[in-house]
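Visitor: Since the structure of chain G is already known, use the hints to place chain P on it.
Residues per chain are reported as follows:
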Amino acid sequence: MSPPPLHRNTVLIVEDEPATRERLVEAVNAHVLLHVAGATGSLHEGMALYESLQPRVMLVDLGLPDGSGLDLIRHVRNRQTPTESLVLTIFGDEQHVVAALKAGARGYLLKDSSYATIADHLLMLIDGGSPINPKVARFLLGQFSTWEKESQTAPDPTILTAREKEILTLITKGYKRHEIANLLNISNNTVGTHIRRIYEKLSVHSNIEATQEAAQRGLLN
Amino acid sequence: MSCALNVSAATIHTLTQGYFIFSDTDTPPASDRFREPVQLPDNWTISHPNRGGMGWYHFTLMLHQQPLGLWAVYLPRLSVNAEVYLNDTLIGSGGNIHNPEIFNTLRPLLFHFPAQLLHQGNNRIDVRILGYANENSGLNTLKLGPDKDLDPPYREQFFREVQAPMISFGLLILLSAWLFLIWWRHRQEKQYLMFALCGFFSLFYTSAFMVRDHSPLSHPLWMWIIYCSASWYVYSVALLIHRFVNVSRPRFETWLFIYTATGTLLVAATPAAYHFSILGIMDLGMAAVSIYVIYLIYRYRQTCLRSEWILLFCALSFSAATGYHDVFINLAFPEKEIGSYYFYWGSTVVGIAIALLLLLRFDRSLSLAESMNRELYSLVDKKSLELNRSFQERQELETRHAVLSERERIMRELHDGLGGYLVSALVQAERAPSPMPLMQQTLRAALNDLRIMIDSLDSDPSDIVMQLGPLRERLESCMEANGTILHWSITDQPKLPHANSTSALHMSRIIQEIFTNIAKHSSARNAYFTVDNHRIEIRDDGRGFDVSTAKPGRGLPNLRQRADQIGIRLDITSSTKGTQIFLSW
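Residue numbers (the numbering used here), protein chains in the order written: chain G, 1 to 221; chain P, 1 to 585.
For reference, chain G alone in the conformation it holds in the complex:
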C-alpha cells in the first residue's frame, strides 16, 4: 500500500468477511480525508498492523476466526496511543456495542452502512464525537444509574452529569446529534464531546470493575 498523504487520516480495518472488508476499504478510501492504511481478517495480524501502522482509527469486527476483536480494542486502549476504535456490528445491538465500549471502543458502525454514513461516522470520531444509538444510550442510562446508587464518593467523577443524562435521554428518543444540539442550544461538537466523555466513563468504570473482580478472584484463590 502506498504511504498515505499527510492530510489523510489512516484507518485500519479488521473484518474477516472478505467482501464486507473490501466494501469497507472502498467506502473509506472514497472519502478525500480518509485513507485505509491496512485491512486484515485476523486478530493476530490486526495486532501486528496496529503496532506497525499506528492508525488514527480502527474498524474492528468482534467475531474473528482467531479470537475476539474485543482483545484488540482493549489492547489499543491500554497502549494509550491516539488510535481510536469503532466496533463493526450487523445490528447495532447493545450486547455487542456495549461490550466493545467497555473494552475501550469509541462507537460502532453498522456493516451495511452506506459509504456516506461510514465516512460520516469516521470523521465524527476523528472530530472528537462518538457514534451512538438509542438502545446503547438507554443501556448506558441504566448502567450509570446503578453505579450512581452504589457510588460511595460524592462528587464521583465517574458518574454522569445532569447534562450527560439529558443528552442520553434525547438519544433514546431517536434524536440525532444536530437535533440535540438545537434542542439544548449547544454545538454539534459539544454533543459529540459529551458522548465521548460518557464512553470514557463507561470504560473507566468497567476497567475498575474488572480490576476489582480480578483482585477478588486473586484473594479467593
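Do not take every clue at face value.
With a straight-line Cα cutoff of 27 Å, these simulated BS3-like cross-link-like pairs (lysine-lysine) come out [said to hold, decoys possible]:
| id | chain 1 | residue 1 | chain 2 | residue 2 |
| --- | --- | --- | --- | --- |
| 1 | P | K143 | P | K336 |
| 2 | P | K383 | G | K149 |
| 3 | P | K520 | G | K176 |
Rather than coming from a laboratory, the hints here were simulated on the basis of the structure.
Guide: The following block gives chain P in isolation, referenced to the frame of chain G:
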C-alpha cells in the same frame, strides 16, 4: 331482792331494768344478793371502771298468761361472753365461759327454749357476763319473745356482723394467697409480698372477732395479737404504698419498724394494766402513719392511673376513718352503749381494693405482653411477606434473566449466522459486475426486518419510546433512498396498554409499513413523525391517495388488522396535499 318489770302486751319483751353483781358462782346468785340496780345498756368501762371478771345481771319478767310454742332470748350486743338462765335453767351459752375464749363483741346471741319454761306470773332471767376491765365489757339489750319474731332481726344482724365479714375475710385470704404466689414466682415484684403481709396481719386482726370456740390462745394473748396485728397491718400498708407509688424511703421504713416492734414487745412484757396506755401511744403513731399514707397516694398520684389513685385514696381514707372510730370513740371516749367495731371492715376494704389494683396491674402487664406478642407476630408476618415478595422478585428476575440470555443467544446466532450472510449477500449484490438494485433492496429490507424483530425483543415492551428510538435509524435509511427528509419529534413518553413483545413488534411493523408506503407511493419531500399524548402522528406532503379506493397493494387492510390486534385506533386522511395518519390509544 327482786324487781318485777311492767310487762307490756307487746309480743317482744325488751328488758332494760334489772340488778347486777360481780360474782364467781357457777349458778345464778340468790335474788337477795342483787343489790345494785342497773339500766341497760350497761358498759362496765363507764359503770365499773377498772373492774372485770364474772358479772351477773338479774331480770324479772311478769307474764299474764302462759306462753306457748318456741321462744327465744336475743342479746344483740355484749362483751365478752354470756350465759342465759331462765328460772334457774341454763338455756344457752356464747362459748366456754370458764376458760375464756373469745369475743362475742360483734356476735349477736340467740338462744331458743320451749315456752313451757316460762310460766304465768314472775319469771326469773339471769345473764352471766364475762368481761374485762376497761374493754367495753357489758350488755346492751336483752329481748325475749316468740322465736318467729326474734329470729329475723337476729339473722339480719348475724349476717351483717358475722357472715358478711367472714365472706370478705375469706376473699381476702384467697387474694393474699394468690398474690403471695405471684410474688413467689416474681420475687422482684415486692409489692405483692407487701400485700400478702397486709392480708396476713389483717387476717389475725379480723379472725379474733370470728373464732368462737376452741381457741388455742388465752384471752390476753388474743388481745395482744389483735392490737399488735392492727399496728403491723398499718406498717405493711405503708411499705406497700411506698412500692405502689414507687417511692423509696428505707430510713422511714426502719424507724416505723422499730416503733411497731417496740410497741409489740412492750405490750407483751408489761402487766395488763399498762396495755391500754401503750396501745394508745401506738395507735396515735399509727393514726399519723395512716394520714401519711393517704398523703403519699395524693402526692404521687401521677405515678398511677387516675382510677387507681382515686380508688386507693378512698379505700385508705375509709380504713383510717374506721380505725379512728374504733380507737377514739370506743376506747378513748366510750359511751354507755357498747359500740361497734369497724376497723376490720376498713382493713378488708383496703385489702380488696389493693388486691384489685394489683390484679389489674397484673392483667395490664399480661395484656402488654400479649400486645407485644401480637406485634412480634405481625412483624414476623410482615417479614415473611417481604421474604415472599423478594423471593418472587428474585424468581421474576431469574425468569427475566433467562429470557435475556435466551435473547442474547438468538442475537448471537443471528449476528454470526443469518445477519452475517445477509450483509455478505448485500455487499456481493452491491459489488456484482452488474448491480442488482432489487436484490439489494430486498436484502436491505430483510436486514431491517431482522433489526426490528430484535428491537421488539426488548425487556420493556410497554415503553414505546424505547421501541421508537431505534426505529428511526431503520426509517431514515428507507427515507434517505427516496430523498425524503424525516422530521422527528417525541415530546411525550406514553406507555402502550397491555403491551408485550408481540404488540411491540406489531407497533413497529405498522409504523414501518406506513413509511414504506410513503417511500414507495407518496413522492413526498418531507415526512413528519410526532409522538404526543398517547398519539402518534405520521404526516407527509406527498401526492396523497383516495383512502376509500386504495388498492390492496398499499397494505391498508393489513395495517388495520395489526392495529386492531393490539387495540390501537388507526385514522387516515389523505388529499392531494399529503396524507395524515393517527395511531391513538
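Visitor: With reference to the structure, classify each hint as holding or not holding.
Guide: Against the structure, the hints:
no. : hint              : result
1   : K143(P) - K336(P) : 18 Å, holds
2   : K383(P) - K149(G) : 25 Å, holds
3   : K520(P) - K176(G) : 24 Å, holds
Violated hints for the displayed structure: none, as all numbered hints are satisfied.
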